[in-house]
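**Q** Chain order of the listed sequences is R and D. By this note's numbering, the letter at position 261 of the first sequence is numbered 261, and the numbering carries on one by one without gaps. By this note's numbering, the letter at position 158 of the second sequence is numbered 158, and the numbering carries on one by one without gaps.
Hints listed in this document are in silico derivations from the structure and should not be mistaken for laboratory results. A quick note: this is a predicted structure, and the numbers were derived from the prediction, not measured. Where a beta carbon is used, it is the ideal one built from N, C-alpha and C, also for glycine. Careful: at least some of the hints might be erroneous.
Claimed, not checked - Here are some, though not all, of the chain D residues that point toward chain R, as calculated from beta-carbon distances under 8 Å:
1) Thr5
2) Ser24
3) Asp158
4) Tyr161
5) Gln168
Unchecked claim - Computed list of lysine-lysine pairs in BS3-like fashion (alpha-carbon distance at most 30 Å, straight line):
6) D:Lys143 / R:Lys84
7) R:Lys86 / D:Lys23
8) R:Lys469 / R:Lys518
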Amino acid sequence: MATAIRPDEVTAVLKRELGGFEATTDVYEVGTVLQVGDGIARIYGLANVQAGELLEFPRSGVSGMVLNLEEDNVGAVLFGEADKVKEGDEVRRTKRIASINVSEDMLGRVIDPLGRPIDGKGAFTGKTYEMPLERKAPSVIFREPVTEPLQTGIKAIDSMIPVGRGQRELVIGDRQTGKTAVLVDTIINQKSTHQTDKPVYCIYVAIGQKNSTVAQVMRSLEENGAMEYTVIVNAGAAMPAPLQYIAPFAGACIGELFRDTGRHALIIYDDLSKQAVAYRQVSLLLRRPPGREAFPGDVFYLHSRLLERAAKITSSNAVAKNMNDLPACLKDEVKGGGSLTALPVIETQAGDVSAYIPTNVISITDGQIYLESSLFNAGVRPAINVGISVSRVGGNAQIKGMKKVSGTLRLDLAQYRELEAFSKFGSDLDAATQRQLTRGEKLVEVLKQGQFVPMPVEEQIAIIFVAGKGLIDKVPTKKVKQFEKDFIDRIKMRHPNALGSIVSTGAVSDELVETFTKEAKELVELYAAQG
Amino acid sequence: MSEITISRRYAQALDEQAEAAGKSANVAADMSLISEGLAVSRELSGLFDSPVVSREKKADVFRALFSERLDSITLRFLELLVEKRREGLFPEIVKAYQERRDRQSGVVSVSARTALPLTGDDEKRLIGSLEKLTGSNVRLETKIDASILGGIVIRIGDTVYDASVVNQLASLRERLGTGSRN
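Whenever a hint applies, use it, and build me the whole structure from the sequences.
**A** Rendered as structure tokens:
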């Protein structure tokens, strides 16, 4: 119960606060704004300032970050209202490398790249950790190979392009191919991990997107109960370019809090092409020399140092405690075994993956998921081109059961696509070819999936098994979706423990194979009887 | 190249030339004479800055004005500036020149802002403690600035020692402000 506030209590607090009032002398270093414009300030003075240091502009209340140290001036980017800063203003050093205050209260909230809430739900009250925006990635001895799966809940991805915790998997495709939809589904699918002892926290970094799009993503997450374990970092299209440029780093800070305290986090950078454009603007205004496509020379390093921060941390607490470049506030709370999985997004122009930024990010990441507009328009959604999508490390993270059933899936689909081109000529085809064509057709149908309905991995295994074995070849293509639903229901109803055993053992036993086969055959007959 | 760098180079050239000729003191006096003249006479500073007046004309005016008063090195320097179209940078060059001279003679320039004028005694005590702090001779420039309300703000190079009332009030506001949110 709250008691009334006593006046003497207030006086005591005020006295204490005012106690240090006498004889304090602040010592700080200053400079003067020489030139300001386009979100960039050139500053004279600040002789000892460090690159990446946070600056204060006391008159206007704006903050900034040092990017260029030149012979007689300092180039800084301004965060916030750059037009309030005037020539001749005083600039103060903060002696702090640019950082944001990360708090676990951020879960379920929308913040700007400086860590301030922008959803109108009030300030963060819990413990905060000051995490530097630019932090070196953990070095080799603090890492572990990727072995645990990160289930996206999307059949095409979990079966053929598996993503592991700590991996960096690029999502690439033209506009309007469903990139964001795949990512939102992945976030929603992490809901099930929150019932286990290894929950995955999610960070969605929106860079240069319309605020309406971000609001939509947030609504989808809320409606599906995924917002409570998700932080949205929004650097909208209307925000200054410097903020768009640091937004992914702000997201990485939040992810590192989870990673370094032994928990699992998933971070989505949507998208890095817009961040590269923002960085190009900042660089050109700072008069750094332009290179290919006018991007600065260090745009590769910009992305590589960001994505290196995604990692699987060693499970040994003793080793993890000595991790390099740990922020002081985190020293006592470090635990091993955490991970940060990154899903960067790149938007291509008319399918051109050989442009500068796409090739860079492809070479940095551990694989890529290609989304194609032709597939999207043909009704294959998610529009993943599994032929050219790869995951270089995820295979080790796939659970045994999935590995078993998806073994030939990729090959079957590749052969199907090859034959599909032939069959367009309409010539007579032999029975074997016909069979392969039907098999491919059913597989493609099975891999189609609606939005916001991620599928648990055990159900994926069941349906991919029957489709891969050709048990549903006789089901009309139009009815495959219905069959899928009926089959899963049937298994759940008649063998309540079957799917659970996959979850607990991770494998598909011979016994289970028999059950699936038997049930599928029976159900197919029912479908055949219906005609 | 930026103006600051250019000014520094001209100042260095002038200083080295003067030193080689053994006329450092004369040149230094000349430089402050001209900059005082610039501060007093709007016509003169207009002449320095104006791009309309031709180079020949400027050189003639400078010769007529200064040939009696200045050392030959300073006069030649002015002519060089006119020839290179850098006469507009003269105020910056003077600043760079003075900084350079100060550095060589171990003098530190300190500016102090106070709300009320300093008494002679205060100023002496201040210079004494500043010399102890910096370990070199101090040239103190004082300025009255009512906006700091009270106390003193001292600036040595880029470093500010802020013991002003306005700064303490600001930090107090910040402390009480964050206190109320917790």
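**Q** The structure should be examined with respect to each hint, and the outcome stated for every one.
**A** Each hint tested on the structure:
Given the 8 Å rule on beta carbons, the hint for Thr5 (chain D) holds: about 5 Å separates it from the nearest Cβ of chain R. Given the 8 Å rule on beta carbons, the hint for Ser24 (chain D) is violated: about 25 Å separates it from the nearest Cβ of chain R. Checking Asp158 (chain D) against chain R: minimum C-beta separation of about 5 Å stays under 8 Å; hint holds. Nearest Cβ of chain R to the Cβ of Tyr161 (chain D): about 5 Å, under the 8 Å cut. The hint holds.
Interface restraint check: Gln168 (chain D) against chain R, minimum CB-CB distance 6 Å, threshold 8 Å, status holds. Our distance criterion of 30 Å between C-alpha atoms is met by Lys143 (chain D) and Lys84 (chain R), whose separation comes to about 27 Å. Straight-line distance between C-alpha atoms of Lys86 (chain R) and Lys23 (chain D) comes to about 42 Å, which puts the hinted pair past the 30 Å bound. A C-alpha spacing of about 12 Å is found between Lys469 (chain R) and Lys518 (chain R), which places the hinted pair at or below 30 Å, so the restraint holds.
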